[in-house]
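Spelled out from the first residue to the last, the chains are:
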Amino acid sequence: MTKLIPGSETAARIRAALPDAELEEAADWVVVDAPHLVAVATFLRDDPALDCRYPTAITAVDRLDHFELVYYLSSLQRNHMLILKTRALDHEAPEAPSVVPVWYGAHPQEREIYDLMGIRFSGHPFLKRIFLWEGFAGHPLRKDFLALPGGQKPGLAHFPKE
Amino acid sequence: MTPPGPLAPWYDFRDLSNAVERLLSWLSDIGPDWLVYVVSAVIGGTAIFLFVAATAVANIWVERRVVARIQVRRGPNRAGPWGLLQPIADMTKLMQKEALLPRAGDPVVFLLAPILAFGPALLVWGVFPFGKGMTFVDLNVGVLYIIAVTSVTTIVLFMAGWSSNNKYSLLGAIRVIAMLLSYEVPLVLALLGVVLFAGTMSLSGIVAWQHDMRIWLFLVQPLAFVIYFICATAEINRTPTDIAEAESEIVAGYHTEYSGIQFGLFYAVELVNAMALGAIAATLFFGGWWLFGLDRWIPGWMIFIGKVYLIYFLLIWLRGTLPRLRIDQLMAFAWKFLLPLALVNIMVGALEVLLWVEYDLSAGLVLPVFSVVNLSLAVLLVVGWMRFMAFPFHRLPSRARLVHDIPVVAPGAPAGGAA
Amino acid sequence: MDEPGVVAAFWVLTVTAVGSAVMVAAVRNLLHAVLFLVLSFVGVAGLYITLSADFVAVVQVLIYAGAIAVLMLFAIMLTPRAARDNADGIFWAPALVLAGLMATTIGLIATRTEWAVSDRGPFSQTASAIGEALLDPFVLPFEVASVVLVAAMIGAIVIVREE
Amino acid sequence: MPELRTEPLVVNFGPQHPSTHGVFRMRVVLDGERVVDVEMAMGYLHRSMEKLAEERTYTQNIPFTDRMDYLSAMTGNLAYCLAAEKLAGIEVPERAQYLRVIFAELQRIANHGMAIGIFLNDCGAWQTPVMYMLREREKVLDLFEMTCGARLTTNYMRIGGVSFDIPEEFMPQATALVEELPDRIAEYEGLLLENEILQARARDTGILPADLAIASSVSGPVLRSTGVAWDIRKADPYCVYDRMEFDIPVGYQGDNYDRLLVRMEEMRQSVRIIRQALEQLPPGPFKTDIPLALRPPVGEAYARIESPKGELGFYLVSDGSPTPYRFHVRSPSLLNLTPLKEMTVGQTVADLVVTLGSIDINLGEVDR
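Chains as they are written, first to last, in our numbering: chain P, 1 to 162; chain H, 1001 to 1419; chain V, 2001 to 2163; chain X, 3001 to 3368.
Quick caveat, the hints were computed from the structure, so don't treat them as lab data. Treat the hints loosely; a few may be bogus.
Sample of chain H residues with no beta-carbon within 10 Å of chain P, all distances over it, derived [to be verified]:
| no. | residue |
| --- | --- |
| 1 | N1018 |
| 2 | F1263 |
| 3 | E1358 |
| 4 | L1402 |
Reference listing, derived: stretches of chain H covered by chain X, where coverage requires no fewer than 3 residues with Cβ under 8 Å from a Cβ of chain X [as the list claims (entries may be wrong)]:
| no. | segment |
| --- | --- |
| 5 | 1021-1027 |
| 6 | 1052-1065 |
| 7 | 1163-1173 |
| 8 | 1189-1199 |
| 9 | 1319-1333 |
| 10 | 1391-1398 |
The beta carbon of each residue, even a glycine, is placed where N, CA and C say it ideally should be.
Isolated chain P (complex conformation) (with noise of 0.2 Å):
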């Protein structure tokens, strides 16, 4: 069973290499900030007790005012995941570091989250839509594209018949 590596955890050993970086834990994972984004992520990957040298997926969430990056990071020897976030909190021209130098499996993942969410990753060597064509209005998966009126989210409210 792979054994899912609490933030509690993560966080101390972030702390001990890194004691600038800032990090939010919660249960499951941690949060680190943008800027210190590469160091942890080479870190993760670098500390043999750790080991996250298979990037399984990244991911984006858009949380209305911002941005949040969802890494999930495993080590296939150990067997062991962790899951590391950072936040883009711009909404409106987000921006990350980009991964890829870390892990060259980031690079159709972050072609993927700019595509479709608009975070641009500073850093990365191909950042170009993946799916839709270059040019196309605005970023699909943001919760405001082709926002309804009076600020409804889309989805279900509620069921039909309640």
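Dock chains H, V and X against the given chain P, drawing on the hints supplied.
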């Protein structure tokens, strides 16, 4: 070259030339000289054209049905009984389609190519002895003629590929030329071995030699047949050597841009060329219309066509079973494997013919001995080459490694290695 | 040689060969030029057939139309696209003069020479006659030619060999 | 000797091309036959499922997962249902877990059959292997049809179980298939794996080093072919895989041939798993009753399975409403394409096509 004698009755259909001979002798009695020439040319040309057209049409059905059998399906079975009318339906469809012309292409060359491609495919058939007297033109350089005519096809295919102004077509055209340059050499050398033994380049002469010696040249020159078969398969672009129109790589190669009946012509040329390969192999290696005395009972042309279809079946079989080689592997195969073997074959063949002629040995004695020697030599060379020169596949694993549990490094232990 | 069919064939083939040879020099597109060259070769091969030199005719098609033209196509394909035109050169005038001189010389020689007419008939088997000639009276030139070809092949290998 | 200066040729492979497995496009720069550069372009099948799913309830989203990897719809269903169950905290009855394992493994056989057949097609084998593989796949699809009425887009799994119990005639037919398949697989191994032409084409081409594979998030058979023993069924068992006895096939150096080896052996291991699952299949309910108005609590969940193509994961975020707040698919087809350039540059066009075929992508899943 048939000795003059009393003409056979015209209804003797064991040899279709009987009827023609009758007609011509009657014409020469009543008409001027040139009329005989013209009539014989028209009859022969029409007969060959009809034969080629009929086989092209029939082979659509044959190929599709046979390949379907190989591929555990049924093949065309809706149009007519057993799908026999399928070729008609295919042709009708192709003729109805618009023949597109690429805008940036070279229209004259583009339109000429499919028409010119049919020329060599048709011309080759002029020299085959379909039966004892059934040769349209009995050239005494027949073997060379065949090689020359088929090599012209390459230029036509290049024209098609280049004039399409399509990158896939261009790649296909370049591949066609590279293939020809490599495979023409061992092909000619292989056929040289046959000519060495038969002592003539005339096709009916070679058949007559096999008839007189009561042996197939395939038995005397097995290596030559193998080399010829592989080279000819490569030259007419069929799997496993169809890199010039490799569907999965360059879409359709030189005929990517062709549509409608122009594509249909290329398709027909491919089928006719496959048949021509069979006809050449049947004539040179398998005794043409002669079948160990059976030709007295069965018409020679039936035997010939039967042999052609057997070899054609072999081609379909290969097509249905083998994957395609890569271009550099094909080139390496031609130069490093086929060419040395062809040279060895010629050396051995020349030595044998020399022995035979110098010591004036009886053919009944030496030919079986040569057959055994050459057959064992062929097997030895091919197997030896495979064992010592080819990539040692048999020494590499061909099954996956099985792991029962994932090796997990304990939390304290140091991690290492790529994993 | 005097039959009307042969004469007609001679003129048709001559016009084909010479006309396409002129087109080789005239057309702008290099690939068209090569294709016209092939046509010219085929016309010459036809002329050989009218002379009942069937071996030479077939070899003409095989080697010139089949191999040499293909080599030329290969060479053209390897050059950049810009060089695939018969561009205006500065040499067209001297070339024309040279070609004219050549044509005049050959024409004069052909018409002025007292050609000895052999009284033997045409060969029925040219291939074996040529083979015997090559390996008996002309064996030395034959071998020299093969040595030259071997040298050329070795040279080609040396040039393309990777260091 | 001066370098021969040749013109690079830019060729668009796809989206209309016989061997791009759909509408994938590669912008390939060629030097003669050599590949100098590969640039992937996708999105021709992009249906924006992640956005569509945000406006549908959790149950309504199951059909989308069929249409992502349409060649293995069952595993798409399974991964999504696992994620939704993890998010909502739903327990699945044991019989349903076994049925899920059986159908996921049947789907793996069907998918690998197609993958191997199409790979051989890319090698130029002119349809014959595909036709044989389709013959086996048809039998698997017959089992799907008799159980859930659909063959391709099955829509079979439900949150909390499966939609139908297996019919009576399922067991004998499935047992017969399980008995028959090992012989068939052995036959294909003899015909395909030992074919010299195939070995000449596939060996030492498209080599993927293990460390690059790990750094590029490659998963599934492509990862295993590099020699890394990693299988989520073993590493992070879901359903009842921890009760099954099976091995993981692992390749040697990550070339195209190793990927073929791994897929071929995985079919046999799947047969093993199905046989055990059919024997152990317990009686009982095949689904739990979940509320029609399923509102998972606020939170997020990531559930992953070993789909035939690799690690298929669903990342769901709930805000307590009837629809997922965020629906993300970690699609193995897309991520396995990451090192395509590194695998193909320097080889020939033919190798490029074969390498793409050996990765076994499905455009429905790449573009979503």
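Do the hints match the structure? See the list:
no., hint, verdict
1, N1018, "holds, 73 Å"
2, F1263, "holds, 33 Å"
3, E1358, "holds, 72 Å"
4, L1402, "holds, 18 Å"
5, 1021-1027, "violated (count 0)"
6, 1052-1065, "violated (count 0)"
7, 1163-1173, "holds (count 4)"
8, 1189-1199, "violated (count 0)"
9, 1319-1333, "holds (count 11)"
10, 1391-1398, "holds (count 5)"
Against the hints set out earlier in the document, violations occur for numbers 5, 6, 8.
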